[in-house]
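Asks: Chain residues, written in single-letter form:
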Amino acid sequence: MRIPSPREIATEAKLLLIGIPVLIWTLLPIYHMVLFAISPKESAFSGKLWPDNPTLHNFGVVFRQEHFYLHHFWEQFWNSLVIAVATGVITLLIATAAAFAISRLKVKGGRAIMNLALFTYFIPAAFLAVPMYRTMGLYGLLNSQWALILAMVTIAAPYAIWVLKQASDKLPVELDEAAIVDGASPMQLFRLVYIPLMMPSLVAVGTYALLLAWNEYLYAFLLLSKDTNVTLSVALGNFLAADDSPWELLMTTGLIYALPPAAIYYVFRRYMVSGLTAGAVKS
Amino acid sequence: MSSIALNPTGTGRTPVSAWRTPWQAWGLILIVPYVLVFVFFVLYPIGYGFWLARRPETYAHLFEDPIFVRSVVNTLVFLIVAINLKMMIALLLSGFFVQARTWIKWLSVLFILPWAVPSIPTIMSLRFMLNPEWGVINQLIFRLTLEDGPNWLNDPTIALGMAMLVHIWKSLPFWTLILIAARLSIPDDLYEAASVDGATRFQKFRFVTWPSMQTLYVTCTILSMIWTLGDFNSVYLLTGGGPGDLTHVLATLGIRYLRLDQVDLSIGAIVVAMPLVLPLVYFMMKRLSR
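First to last, the protein sequences are chains A and B. Going by our numbering, the final residue of the first sequence carries number 283, and the count climbs one at a time with no gaps. Going by our numbering, the final residue of the second sequence carries number 573, and the count climbs one at a time with no gaps.
In short, the hints are calculated from the structure, not lab data. Built from N, CA and C at the ideal position, the CB exists for glycine as well. Among these hints, one or two may not hold up.
Computed, partial: chain A to chain B, Cβ under 10 Å [what the hints assert, rightly or not]:
| hint | residue |
| --- | --- |
| 1 | Ile30 |
| 2 | Tyr31 |
| 3 | Phe36 |
| 4 | Ile38 |
| 5 | Thr96 |
| 6 | Lys106 |
| 7 | Ile113 |
| 8 | Asn115 |
| 9 | Phe122 |
| 10 | Val130 |
| 11 | Thr135 |
| 12 | Ile195 |
| 13 | Phe239 |
| 14 | Ile256 |
Here are the simulated distance ranges between beta carbons [to be verified]:
| hint | chain 1 | residue 1 | chain 2 | residue 2 | range |
| --- | --- | --- | --- | --- | --- |
| 15 | B | Asp472 | A | Arg269 | 26 to 36 Å |
| 16 | B | Glu416 | A | Ala241 | 37 to 47 Å |
| 17 | A | Ile9 | B | Leu375 | 15 to 25 Å |
| 18 | A | Arg2 | B | Glu430 | 42 to 52 Å |
| 19 | A | Asp182 | B | Phe323 | 51 to 61 Å |
| 20 | B | Pro526 | A | Pro54 | 34 to 44 Å |
| 21 | A | Val173 | B | Glu347 | 51 to 61 Å |
| 22 | A | Lys14 | B | Leu543 | 45 to 55 Å |
| 23 | B | Tyr565 | A | Glu8 | 44 to 54 Å |
| 24 | A | Leu16 | B | Gly525 | 31 to 41 Å |
| 25 | A | Arg269 | B | Ile441 | 46 to 56 Å |
| 26 | B | Pro526 | A | Leu17 | 35 to 45 Å |
| 27 | A | Pro54 | B | Glu340 | 52 to 62 Å |
| 28 | A | Pro200 | B | Trp334 | 40 to 50 Å |
Start from the sequences, fold in the hints, and give me the full structure.
Replies: Rendered as structure tokens:
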């Protein structure tokens, strides 16, 4: 083994001097949450770095819905899931169709529609929340999960269209021409050529919309209010607002709620990072 | 960039012009779903919102409300301080993360976590950490100094500062990731040439890294400002706008007025922000739409 020179050691030490604070900063709130989730009620506030008797008891309480605030846990989990999946699927359908029409079929006015979508993308989501809430009331959709699904599609679609259009512009025109010469109809081109080639971007965009809807809090609490139809995020918010909320259960529920999106993110990280960062800001 | 290269294709497809009509028809059919979404859930709510906030008295009311004025100031402070701090840290950290080390690669995987997990549970966790009596931070302060730590969320200045930290914690990974991508796209031979010329590390940053990143850096800053205007969670879930409604920003103020059943003020507060938002949006659209 080669002995590193003092200079190399100094560089390594400097890197560690950045790396360790970054690690602590990143993990502290998450670790704190995990610590609460595995601590028995009495020792949750002991301030220890690791509980004396770590336990999964809190998870059992949440899964068996054994607390007043958790009576609808599974229902709310299911609501979050349905709304997230529906948002992902509908966003994909709408955005893929639109991106194909704009980028490959060169539909008239496509550019204008792309600009409208971009404009929507740049409206801060919280600014549209109140008008959207009132509008959903007018449409009679308040308290229906469709309200949240449609609102999430509205917010996710512009970015989805934009990313898909960027990706689809990169496909060579010769593909379309070859398909046409072979007598393919636009829909055959869409199904047989376009969709397979766009798969990586479609995965990225679908995941993006799914996570957006799963994580959403503001729109969810505005548009849904019944204990049985709210998402887990709203339930957590209500939980937090209560004075007597048992923190260890709140943290356990929060951790369970945070795990699926984190897992999905890491599974699709390859697609997400290239698809989304390349799309997010074009240099 | 690729989109520019594609523009001539519209004219390049002359041999298939006979197909134009069915292509256009299918194009229309495929684009209609999004247009419907846009009309019903963007255009109509915006129009309806402006109509609800149409009366001039609304704005007179708004500017007489000290909480509104305070929120505008908070929003500006939030944008200017938090975003610039965040982007500067992201720029520095991107330089750290491009170092070729296995442990740094692993660290970068963990570093994404705040962005990958939903904000509610982590903000709750932070809120408990900051609890003046039982929170881990004040316990630590007490153990080290035998004095009580500050009441973090009960002082409007500290509370807003904490909300900014929460925002930075949550969104720093995303911007760092983008700046890492930008740094990695700078050709190596530029750095090699600089080394041959005897450039110091700072000179390399000043004359190689920064010139190729500054456009992106500005774009990122502006985009982050637009998005942060809509950052409801960092403030609402941490401080709830309190104490005494002194830490509201425009994103949470709208919800406060809605709760008080003052929809016109709620939307008015957003309309007032338009002179700030629209130039930023215009800038971004010019940047991104080609």
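Asks: Confirm or reject each hint.
Replies: Structure-based check of each hint:
| no. | hint | result |
| --- | --- | --- |
| 1 | Ile30 | 6 Å, holds |
| 2 | Tyr31 | 9 Å, holds |
| 3 | Phe36 | 7 Å, holds |
| 4 | Ile38 | 14 Å, violated |
| 5 | Thr96 | 9 Å, holds |
| 6 | Lys106 | 5 Å, holds |
| 7 | Ile113 | 6 Å, holds |
| 8 | Asn115 | 5 Å, holds |
| 9 | Phe122 | 4 Å, holds |
| 10 | Val130 | 5 Å, holds |
| 11 | Thr135 | 4 Å, holds |
| 12 | Ile195 | 13 Å, violated |
| 13 | Phe239 | 9 Å, holds |
| 14 | Ile256 | 9 Å, holds |
| 15 | Asp472(B) - Arg269(A): 26 to 36 Å | 30 Å, holds |
| 16 | Glu416(B) - Ala241(A): 37 to 47 Å | 19 Å, violated |
| 17 | Ile9(A) - Leu375(B): 15 to 25 Å | 22 Å, holds |
| 18 | Arg2(A) - Glu430(B): 42 to 52 Å | 50 Å, holds |
| 19 | Asp182(A) - Phe323(B): 51 to 61 Å | 39 Å, violated |
| 20 | Pro526(B) - Pro54(A): 34 to 44 Å | 36 Å, holds |
| 21 | Val173(A) - Glu347(B): 51 to 61 Å | 60 Å, holds |
| 22 | Lys14(A) - Leu543(B): 45 to 55 Å | 53 Å, holds |
| 23 | Tyr565(B) - Glu8(A): 44 to 54 Å | 50 Å, holds |
| 24 | Leu16(A) - Gly525(B): 31 to 41 Å | 40 Å, holds |
| 25 | Arg269(A) - Ile441(B): 46 to 56 Å | 36 Å, violated |
| 26 | Pro526(B) - Leu17(A): 35 to 45 Å | 37 Å, holds |
| 27 | Pro54(A) - Glu340(B): 52 to 62 Å | 60 Å, holds |
| 28 | Pro200(A) - Trp334(B): 40 to 50 Å | 43 Å, holds |
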